[in-house]
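Q: Residue-level listing of the chains:
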Amino acid sequence: MTNAITNATTNATTNVMTNATADLSPSAHGPARIEPVRFDELPGLMSLMTGDEKHGPAATSTLDAVWVLYDRVLRVSPDSVSDPERDRFLLSKGHGPMAYYAVLAAKGFFPTDWLPGFGSYDSPLGHHPDRMLVPGAEIGSGSLGHGLPLAVGTALGLRAQGRPEPAVWVLIGDAELDEGSNHEALAYAGAAGLDRLHTLVIDNSSATHGWRGGIASRFQAAGWSATTVDGRDHQALYEAYSAPHPGRPHAVVARVEPKDA
Amino acid sequence: MQSGTRMPAAKAAAAPTNQDFERVSVMDTMRERFASVTSRLLDEDPRLAAVLAEIGKDGFADAAQRHPERVVNVGIREQLLVGVGGGLALTGLRPIMHTFASFLVERPFEQVKLDFGHQGVGGVLVSAGGSYDWPSGGFTHMAPGDVGLLDTLEGWTVHVPGHPDEAEALLRHAAAAGDEKVYVRLSVQVNEAPRPVDGARFLTLREGRGGVVVAVGPMLDPVLAATEGLDVTVLYASTVRPFDAGTLRAATGAADAAEVVIVEPYLAGTSTRFATEALEDRPHRVLGLGVGRQELRRYGQLDEHLAGHGLDPHGLRERITGFLGR
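Residue numbers (my numbering), protein chains in the order written: chain A, 1156 to 1416; chain B, 2 to 327.
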């Protein structure tokens, strides 16, 4: 499985934090730091955006799952953001993107000194990501229910161009799954056997009406491979991400603390 | 008065098929031409992909055999139709998406807005059904507001062919238009003869001094009949966005006064703003004719709906001469 290749060396060019105003030019990278950023440094990066020292479960619901993907699974780096053979990660649940931005910054897609500008007029980092502004962001999102259909199209487009290698990942939330467009996409993807398509569902029990029978069962009924894991357990996430799923798309439901806990 | 349009044969109120839209003559419909031309373009250009949502799939059966990975039918899923198109475009392909206008532009409008414009990618939307191509199907299959909706977005080119030959030319134009966002509005309402459309400019078909009448797509023949014997300039617009302000300005410059009537096969007044912007440096009056907002709650035939909205030659002549004071 190509998506199981560990991406240990990420060629991180993360900036040493400065107090300088964010320079938006791509060439504004400061001195490259040699050692890669560790997971336990991500909350510090998030603090640059939020001003808070600590973050509740809602802000970090995606943090572990996105980190493990970028750290160990996805074959994409700052040098390959335009490479047609790169793996794609589509953040569909664009709300609360601090964890995503922290991971992208940690992996060197943009300098960490962009982070304090989060949400400001001159910052490329909005409260919903814009692919036209954020290096490494595959889609602009914020309106729920767009990522999975776009991911289906991306998987179809890669297949039509004879590119069987790139994996396509899309992250949605359990409440985002309320949107009917997801159900159009997951039913079709299962029937079409899009085996390079992967959906990561962050389940923090935020869907008002819940999912009787479980979220994974929706995917399985539509012909997907699906598994449910502890969204804080990095090894379990990695194994779920890497599980073979020949001939069918794959869903990983990552359960984390309830949103309001 | 002679009608400038050809009507589909009388039919039972069944689901619409190409047979429903078959015309009396041997000429194919715009939709049939769309399928045959796009099938050939798929052979020629590996960048193109067709995305369908059941509607129109029969016309692509052969193309789907030849290009199973570039002819995609997602089922009756219009949000997915447009979302898949956006995803294909993100990988570098040029998607051509097709269904009835109401299900292509109106139902998944936010997908059109976000999955193309906001993502910074392009594609081609090709609609059928227009404002009332299938009148016996009722209001659920009528989309007079499609062009007006697209006008709320930036950068969409809008082609409104008035003849299958024009549809072919404009479809080829759209397919080859790089990463542009293009809407092609097909209809069973057609003019007798094709005009040499270029995908950009209005054509000057008649010159007069008593005002300018702009006929859009299939409204040309009714306009030509309605203005017979009047001293007016008649422009023909088969591409309405971008709006050819230069040709309109030149035409009004030749007339006695900047008096403009725009006759569109969709919502009345849709292009009025563009005409007033084109003429903002001179006194002008603009009358926008087209489909009314009022839901008629009528079935019947196309010619009855044209008359119902005052878009038959008789109704047009009355309102044009009334406005121009002749």
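Don't take each hint at face value.
Claimed, not checked - One side only, chain A facing chain B, incomplete, derived with CB under 8 Å:
| hint | residue |
| --- | --- |
| 1 | V1236 |
| 2 | S1298 |
| 3 | L1305 |
| 4 | L1311 |
| 5 | Q1316 |
| 6 | P1319 |
Simulated from the structure, these hints should not be mistaken for laboratory data.
The beta carbon of each residue, even a glycine, is placed where N, CA and C say it ideally should be.
Q: With chain B as the partner, please determine if A:L1311 meets the hint condition of a C-beta pair closer than 8 Å.
A: holds, 6 Å
Q: Quick one, is the A:L1305 hint okay against chain B at 8 Å, beta carbons?
A: holds, 4 Å
Q: Holds or violated: A:P1319 as interface residue toward chain B, Cβ cutoff 8 Å?
A: Not OK, violated: A:P1319 not within 8 Å of chain B, min 11 Å.
Q: Would the hint on A:V1236 be counted as holding, given a Cβ-Cβ threshold of 8 Å to chain B?
A: violated, 13 Å
Q: Checking hints one by one. Is A:S1298 an interface residue toward chain B, by the C-beta closer than 8 Å rule?
A: holds, 6 Å
Q: A:Q1316 was flagged as interface toward chain B. Is the shortest Cβ-Cβ separation under 8 Å?
A: holds, 7 Å
Of the numbered hints listed earlier, those contradicted by the structure are 1, 6.
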